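> Okay, here's what each chain looks like letter by letter:
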Amino acid sequence: MTTTQPTENALRRRRRGTLLTLCTTLGALLLAAVFLMPLGYGIATSLKDKDGVSDPDTGVLPVSALTFDYEGETHDVYAVPMPDGSTRDLALIEPGRESSVFIDPDDPEAGPIEWDGRWRTLDRVTGLDPQWGNFTEAWNTISFLRLTGWTLMYALVTMAFTVASSAWVAYGFARFRFPGRGLLFGLLMATILLPPAVTLVPKYAVFLQMGWVGTYLPLIVPQLFANAFNVFLLRQYFLTIPRELEEAARIDGAGPIRTFLRVIVPQSIPALTAVSLFHFFYAWNDFFEPLLYLAGNRDIVPIGVGLSYFSGVYNSEPHLILAASLLALALPVAIFLAAQRVFVQGIVVTGVDK
Amino acid sequence: MSGLTDAVLTARRRRGGRPTRPAGPMQRREARWGYFFISPWILGFLLFSAVPIGASLVFSTLDFQLTDPGATTFAGTSNWERALADPDTWTSLAATFRFTVLFLPLSMVVALALALLLNSKHLRATAFFRLLFYAPSMIPLVAGVLIWQQVLNPQTGWVNRLIGLTGVHATGTDGIRWFDNPILVLFAFSFIGLWGIGKSMVVNLAGLQGIPTELYEAAEIDGAGWWRRLRSVTLPLLSPIIFFNLVIDSVAILQYFVVPWVLFGATGRPDGASRFLLVNFYQQAFVFGDMGYGAALAWIIFIVVAALTGVLFGTSRYWVHYGTERS
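Protein chains in written order, with the UniProt record's numbering: chain A, 1 to 354; chain B, 1 to 327.
What the hints contain is simulated information worked out from the structure, not anything from laboratory work.
Keep in mind it's a predicted model, so treat the numbers as computed, not measured.
Don't take every hint at face value.
Derived DEER-like restraints, expressed as beta-carbon distance ranges [as the list claims (entries may be wrong)]:
#1 Asp-222(B) / Leu-224(A): 53 to 59 Å
#2 Phe-128(B) / Ala-190(A): 26 to 32 Å
#3 Gly-296(A) / Ala-85(B): 30 to 36 Å
Chain B regions said to be covered by chain A (calculated; three or more residues, Cβ under 8 Å) [said to hold, decoys possible]:
#4 45–54
#5 70–82
#6 93–105
#7 112–125
#8 211–218
#9 251–264
#10 298–304
All residues carry an ideal CB built from backbone N, CA and C; glycine is no exception.
Chain B on its own, in the form it takes in the complex:
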């Protein structure tokens, strides 16, 4: 249960060093069958990934309008220059960056905390709670967003009315307007995101259940308290899972689209806070039909994602522990 990262690392390890056996007829036959079975993926990879990535780069050098594909001309680097000069590009990078900085750590901590809670020997009715915390992540996202839009309604939503009960002035036109303030809206996005935390929570929980209890017993005998056990046993042993969640979640968050789109469309309200990278891309490429420019923006997203995953994989060897888990 060490997930994707394990597979990638294993693949990398295998690539080096293994001596190639002389291929006999049996091996050749086996290899042919292997290629035969994986051929649908190879074909799909070429058709829907490899070739389009390259084509995207070519498209980014064209002036290609969806409304008039016949008039396509070569545009050199002008789409790229325009992308770098366009304030919307920087707004979308900033919006995405700000939300990532807020939500990524928040979601990692909450997913871990909930998993720890569900794994606690002090919790009764574990199955019931696991079901409850997991269930909202099964709710179709658009439906969830629309429900939250009303729950966070400044006048009538329960969140503001609950806050109002504590004496803070929350409701009304001068109350807490979750969708009108560029900082508050990040919290609104976060609430919606945390509602669907169940998947990461379950992945964490599976990891926690794989940690041998002897290690905790040993730590306890050594006098380690709760915090110490968490830091010295749980976190290191869980680090491959945390890494897996981190990679998947950060790639997903860089492509954040459904929630801002359903709430704000391409308006970017409030103050550009909902103009995420993908929203900006979608608007330029498919609302305005400026496909050449859209391709350049898509490549910028690709570069950002590649850079981030590169950094994550690069730093992983300093904090992700694989040793003891694999025996």
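If we strip away everything but chain A, and leave its shape as in the complex, we get:
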């Protein structure tokens, strides 16, 4: 219990604060709903059957007309108005003109039910009927495991290459003074803004000559030569490592390479992890260069390119395209959610994430 009475003014201010909090949070919830809407649509629609997808009047959820298997045959389920005024969901086993025989799917033991009336006037009963088979079909048609395998290979190998080479180069820029360092670093930064198209034609011609087109080599080998963004992020981090640690190593007789491997690398695990993660997602998303260099070899494309081929061929089957898209996003989103803490930390550690 407080001894001071809150003044009317303070009370009003607090009420206004509560109201603002309520409105802001509600507004954010609404926005979050908008952000999640396409995913909700994707999940609901990927579970529909082919007719359900293209029917503009169907509901949001994957429903279909119910059937009931009775004595080895499949029967349709109808909403049947009973003489007592209630409506029961019954399976039609013996249709007739003026009277038909039904059976209760929930209680087939009760035996057939005679019903007077025209069964053609009855409505089919629909129920929730998610087509999990769409995912199996999509999985098989796009050869999901093969696509994922190649994508993982591409992402992990280039991740190892670019992180190792970028850290190496970043150490050079962070710790050594040499003539032209500022100029070279500026040049390095400028390459971030360089449109890849302007280097593509000669690179493609040379890779073609070398027989590399149609393989992963043009995508993987350049990653051995450091990437400007990663160098920048890692250099920023290396600058924060106290020099005393390196001095100590040097006094112990370690040369620069040993110092880098034994002192800098272990000290920079958070930044290296962050840069690795950023690159992993970048590679998973990479489209233009795999499309270009792997064009002649459709069996080894990564998942983004594979999905685009699939959507071109199956454009009349949106439920399968959606199922395939959801399969493709599942792994990266799961990794993101699992590594979320590392991710957020990484953004804090390195300052940026682009």
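Once you've looked at the hints, dock chain B against the given chain A.
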């Protein structure tokens, strides 16, 4: 946390004026190690950037067909003349320009607004919302595009059905056909783009969190309202971050490719609205195999990007504030 721009500006500042020390054996040794460490990048820069840029210029003067590289001949400026006369070049410039004008400001404002929302002291469950707004940018772009293609389906997509709920006639063949109209399709591109806004949002948020709260308190004591605080405290202090986002986003948007390619391939539908600079380049150079002409188109993209970044960096000193941030 002033990002790339800071580094570039610092590099520029350092270049002038520093007296060169006499190089002793220690310095020479240090310099040698420095060059040793950065040598992979120097080699990569020469192999994959510097030499290819020059080679591209040479290629643009050749008649070089991918189908028959042996028959390559010198073509002078004919590729360039053809590029300037080709209506597709102008269509691609116009398409890219229109989308840039629409999406660049839109994405900057939305990324800032979301960051302000997440930074608001009135928001509860901040971590939850940050995760939610950020998560779609983790979705592989092709998968995102394919999902949006269905969400914006005129008949069955939820967007049109939601619009239909408000009484506007949206569904059906005479409804809102997002992918058949050259203006509407820009909005479809924008929705897809905004779905992945999380990255810029997080960069903005990090910037906002770096602004000292005392400044807001002082402004509040001076009687500044929300709008005034945003204009006089937040925006100036955030301007380096905004500049960073602006540069990166505009360079990216000039090379817009994945979304139009997945949706429309090289068709340019509707009415050339999806024939972006890079789509046109890719079609000419690698679908038609006209590499010489492609090189000329690539150089046009390079010139456009260089001009735009030049303008951005040139005007930055009028609106980007570095002073108070660096102490």
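> Look at each hint and say if it fits the structure.
Against the structure, the hints come out as follows:
1. Asp-222(B) / Leu-224(A): 53 to 59 Å: holds (56 Å)
2. Phe-128(B) / Ala-190(A): 26 to 32 Å: violated (39 Å)
3. Gly-296(A) / Ala-85(B): 30 to 36 Å: holds (32 Å)
4. 45–54: holds (count 7)
5. 70–82: violated (count 0)
6. 93–105: violated (count 0)
7. 112–125: holds (count 7)
8. 211–218: violated (count 0)
9. 251–264: holds (count 7)
10. 298–304: Three-residue rule met by the segment 298–304 of chain B, so holds; n is 4.
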